[in-house]
Amino acid sequence: GAGVSQTPSNKVTEKGKYVELRCDPISGHTALYWYRQSLGQGPEFLIYFQGTGAADDSGLPNDRFFAVRPEGSVSTLKIQRTERGDSAVYLCASSLRQGTYNEQFFGPGTRLTVL
Amino acid sequence: QQQVKQSPQSLIVQKGGISIINCAYENTAFDYFPWYQQFPGKGPALLIAIRPDVSEKKEGRFTISFNKSAKQFSLHIMDSQPGDSATYFCAARDTDKLIFGTGTRLQVFP
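Which chain is which? The protein sequence lines are A and B, in order.
If you count the first sequence from 1, position 23 lands on 23 in our numbering, and the numbers rise without skipping.
If you count the second sequence from 1, position 104 lands on 104 in our numbering, and the numbers rise without skipping.
Pulled out of the complex, with its shape left as it was, chain A reads as follows (with noise of 0.2 Å):
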């Protein structure tokens, strides 16, 4: 049983290009999560999937980011125009179901670099 996978595993990038950033959940899991851990910092939510859409996308910062999950599986966070502020490591969990005490399994995350 694959664990949550997430590729790349590292992105540089230079400021003002865009990029994406792939989420492979579980199988089976119809919930899924993305965060930003900055440097020393715990993860911060981004958004959040129940099976295709979005339930809950209040943690992402501005418009430059967008995340999608087309076919309730993969998912993908897109970052337009990046800035350096962008800079961190996007970590994506997935749960077998929306509701109390659901264990969220984080992926290995992709660490961004915004030069």
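Bear in mind the hints are in silico, worked out from the structure with no lab data behind them.
A few of these clues could be false.
Away from chain B, derived, C-beta distances all over 10 Å, residues of chain A [unchecked claim]:
id : residue
1  : GLU14
2  : LYS17
3  : ARG22
4  : SER27
5  : GLN50
6  : GLY51
7  : THR52
8  : GLY59
9  : PHE65
10 : VAL68
11 : GLY72
12 : VAL74
13 : THR76
14 : GLN104
15 : GLY109
Each computed DSS-like pair below joins lysine-lysine, with the alpha-carbon atoms no more than 27 Å apart [what the hints assert, rightly or not]:
id : chain 1 : residue 1 : chain 2 : residue 2
16 : B       : LYS42     : A       : LYS78
17 : A       : LYS78     : A       : LYS11
18 : B       : LYS42     : A       : LYS11
19 : B       : LYS15     : B       : LYS57
20 : B       : LYS68     : B       : LYS57
21 : B       : LYS58     : B       : LYS71
Just a few of them, taken from the derived set where beta-carbon distance is under 7 Å, the chain A residues facing chain B [claimed, not checked]:
id : residue
22 : TYR18
23 : GLN41
24 : GLY42
25 : TYR48
26 : ASP56
27 : LEU60
28 : GLU103
29 : GLY107
As the structure is a computational prediction, the values presented were derived from the model and not from experiment.
Glycine included, each C-beta is placed from N, C-alpha and C at the ideal position.
Position chain B against the provided structure of chain A, taking the given hints into account.
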């Protein structure tokens, strides 16, 4: 806005000792309190979790103590081992998302 406060920021413990990490929260709507362990270059992994209607939960060497009236909870690691050296995060569930503390870097020396 930090909703979960965690201390200490770092902790050094001798092998066999007890490691204690504390967290406090304000939002009484939080309904689930997990602790995550994170090694460098890895994602956080669930260690142990507690619901607010329980005052203590123990799993092996790891214990959560929960004080609902004080809005505080803590992680105790008994008989700490060098392999426990990692960063630990407390968290609280808000509807569907986890709110994390700032983390505690634990170093256990032989």
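Comparing the hints with the structure gives:
1. Listed as outside the interface, GLU14(A) is consistent with that label: its C-beta sits roughly 24 Å from the nearest C-beta of chain B, beyond the 10 Å cut-off.
2. No beta-carbon of chain B comes within 10 Å of the beta-carbon of LYS17(A); the shortest separation is about 24 Å.
3. Non-interface status of ARG22(A) relative to chain B is upheld: no Cβ of that chain comes within 10 Å, the nearest being about 15 Å off.
4. Residue placement check: SER27(A) keeps its beta carbon more than 10 Å from all beta carbons of chain B (closest about 17 Å).
5. The Cβ of GLN50(A) does not lie farther than 10 Å from every Cβ of chain B; its closest approach is about 8 Å, which violates its non-interface assignment.
6. At the 10 Å boundary, the C-beta of GLY51(A) stays outside the reach of chain B, the nearest C-beta of that chain being 13 Å off.
7. For THR52(A), the requirement that its beta carbon stay farther than 10 Å from each beta carbon of chain B is met, with the minimum near 16 Å.
8. Distance check on GLY59(A): its Cβ comes as close as 7 Å (rounded) to a Cβ of chain B, failing to clear the 10 Å threshold; non-interface status is violated.
9. Every CB of chain B is more than 10 Å from the CB of PHE65(A) (nearest about 15 Å), matching its label as outside the interface.
10. Residue placement check: VAL68(A) keeps its beta carbon more than 10 Å from all beta carbons of chain B (closest about 18 Å).
11. Distance check on GLY72(A): its Cβ is at least 16 Å (rounded) from any Cβ of chain B, clearing the 10 Å threshold; non-interface status holds.
12. The beta carbon of VAL74(A) sits about 17 Å from the closest Cβ of chain B, which is more than 10 Å, so the claim that it is off the interface holds.
13. The beta carbon of THR76(A) is kept farther than 10 Å from every beta carbon of chain B, the shortest such distance being approximately 18 Å.
14. Chain B draws GLN104(A) into its interface by the beta-carbon criterion, the shortest separation being 6 Å against a cut-off of 10 Å.
15. For GLY109(A), the non-interface assignment is contradicted: its Cβ lies about 6 Å from the closest Cβ of chain B, within the 10 Å cut-off.
16. Under the criterion of a C-alpha separation no larger than 27 Å, the hint pairing LYS42(B) with LYS78(A) is consistent with the structure, at around 22 Å.
17. For the given pair, LYS78(A) sits about 13 Å from LYS11(A) by alpha-carbon distance, which is consistent with the 27 Å threshold.
18. For a cut-off of 27 Å, the pair hint linking LYS42(B) to LYS11(A) stands: about 16 Å separates their Cα positions.
19. Restraint check for LYS15(B) and LYS57(B): the C-alpha separation of about 23 Å stays at or below 27 Å, so the hint holds.
20. At roughly 14 Å between alpha-carbon atoms, LYS68(B) and LYS57(B) fall within 27 Å of each other, so this suggested pair holds.
21. Between LYS58(B) and LYS71(B) the CA atoms are separated by roughly 19 Å; this keeps the pair inside 27 Å, and the hint holds.
22. This hint is violated: TYR18(A) has a C-beta 25 Å from the nearest C-beta of chain B, more than the 7 Å allowed.
23. The beta carbon of GLN41(A) is positioned within 7 Å of a beta carbon in chain B (closest approach about 6 Å), and the interface hint is therefore held.
24. With a cut of 7 Å, the hint placing GLY42(A) at the interface with chain B holds, because the nearest CB-to-CB distance is about 3 Å.
25. Interface hint at TYR48(A): satisfied, since its Cβ lies 5 Å from the closest Cβ of chain B, which is below the 7 Å cut-off.
26. With its C-beta approaching chain B no nearer than about 6 Å, ASP56(A) sits inside the 7 Å limit, and its interface hint holds.
27. The beta carbon of LEU60(A) is not positioned within 7 Å of any beta carbon in chain B (closest approach about 12 Å), and the interface hint is therefore violated.
28. About 5 Å separates the beta-carbon of GLU103(A) from the nearest beta-carbon of chain B, less than 7 Å, and the hint is met.
29. Nearest Cβ of chain B to the Cβ of GLY107(A): about 5 Å, under the 7 Å cut. The hint holds.
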